[in-house]
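Going down the list, the protein sequences come from chains A and B.
Numbering (the numbering used here) for the first sequence: 1 to 235.
Numbering (the numbering used here) for the second sequence: 236 to 317.
If you're looking for bench data, these hints aren't it; they were derived computationally from the structure.
A virtual CB, placed ideally from N, CA and C, is assigned to each residue, including glycine.
Please note that a few of the clues may not be correct.
Label-pair ranges, simulated between beta-carbon atoms [stated by the list, open to error]:
hint, chain 1, residue 1, chain 2, residue 2, range
1, A, PRO176, B, ASP291, 35 to 41 Å
2, A, GLY203, B, ALA311, 38 to 44 Å
3, A, ASP84, B, GLU247, 22 to 28 Å
4, A, PRO22, B, GLU247, 32 to 38 Å
5, B, ASP284, A, GLY43, 35 to 41 Å
6, A, LYS158, B, ASP294, 34 to 40 Å
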Amino acid sequence: MATHENHSDSFFQSLNKLTGIPMSKLKSYAKENNPFNVLEHPGVVEPSERQLDKINKLNEFIASYNVLKLNQENEKITFKSPDDAGKYFASLLGGVKDKERFLVAFLDNSNSIIELKTVSQGSTNMAVVYPRDILKMALANDCSSILLSHNHPGGSLKASREDIALTQRIVDIFKPLNINVIDHIIVGGYSYSSMAEQGVLPGDKMDVANYDPIELTDAEEKQVEFASLDEEMEL
Amino acid sequence: MTRQLIPNLEQEKVIELMCEVLELSDRSEQNVIEVIEKVGIEALFNSVDVLEIEEDEKDRIKALKEVIETKAKSIALMEGGL
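With these hints in hand, go ahead and build the complete structure from the sequences.
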C-alpha cells in the first residue's frame, strides 16, 4: 500500500510539474479514485483551460511517443566497436571547450546503453571524479560493463598519464565485481580517440581499489609533460 | 523512400509535442532536438543528466519520463488483470 502511495506521489509531482494542476487537487481525487484516471478524464480535477490544454498535449505526446518507441525499439544504442563509441560520445561532447565533462555509459551484456550519466563537470582544466558515485550508479543499473568518456577542452586526443591512471583506478574498483571497463573515449574538438584502440586501456593489472576522489587537473598540460618524457626516453 | 520518411515524420511530431509540453527555452529546445536526432528519443530520456539545459528543464523532462513510465505500468497492470 505504501509503495502504491509513493508511486502515486511521484506520478502526481510529475503531473503537477508538467501541467500546473495543484497537488492538493490531485491528492484529494486519489483518495477515493484510481489516480491514473486523471490523464484519461482530466475533468475530474477541474482543471483550468490552460491546465486542460497541457493535459491534452501530454496525452497526445504519450500516444505519439509510444508509436515511435515501438518503431525504434530495435534501434537500441549498441557499441560494437571503438568507432561506434567514439562517434556517440563525440556527438555529445564535441565542441565543448568551456568545461571538462566526464561521462559514463552503463551497458548491458550486449553492450547496449542502459543509462548515460555525467559523473563530473568541472572548469576548463579541472574536474573531480568520485568513484563511489560511479559504483552506486553501476549497481543501480545492474550493468555488465561501463564505458568512460571525457573531453579535453584544449582539443588534444592523446590520453594523458593522468587519464590512464584514472582509468586504472576505475578498473581496479570494478574488476572484483565482474564489471568490465571496455573503453575510455577522449573527445577533443569534434574528434575522438579510444584508449582501447590505442592499446593504453588498463587491463587485468590489479592494484588495491582506491575510492578517494580523483582530480583531473591540467590533464592536457600533464599530457604534454608525459609526451616530452617519452621523447627524452627515446633519445 | 516512403518508409524512411515515415519514422522521421513520426519523430518530428513527437519532438514538436514534447517541446510544447516541456516549454523549454529556444536554446534548450535546439539542444534537445539535436540530441534526439543523433541518438533517438528513448536515449534522450536515459541521458537527461548530460544535456546542456537548465536544471528545472531537466526536472521537467524527468517528470515526463515518470508520467510515461507510470502510465505504461498502470496499463500493464490492467492488462494483467490486477
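(message) Range first: 38 to 44 Å. Now tell me if the beta carbons of A/GLY203 and B/ALA311 are that far apart.
(response) Given range 38 to 44 Å: holds, Cβ gap about 42 Å.
(request) Confirm or reject the claim that A/PRO176 and B/ASP291 have a C-beta distance inside 35 to 41 Å. (result) Since A/PRO176 and B/ASP291 have Cβ atoms about 40 Å apart, the given range 35 to 41 Å holds.
(request) Check the following: the C-beta atoms of A/PRO22 and B/GLU247 are separated by a distance inside 32 to 38 Å. (result) Since A/PRO22 and B/GLU247 have Cβ atoms about 33 Å apart, the given range 32 to 38 Å holds.
(request) Look at the Cβ atoms of A/ASP84 and B/GLU247 and judge whether their distance stays inside 22 to 28 Å. (result) holds (25 Å)
(request) Please test the hint of 34 to 40 Å on the beta carbon pair from A/LYS158 and B/ASP294. (result) holds (38 Å)
(request) Using the beta carbons of B/ASP284 and A/GLY43, state whether their distance is inside 35 to 41 Å or not. (result) holds (36 Å)
No hint from the list above goes unmet by this structure.
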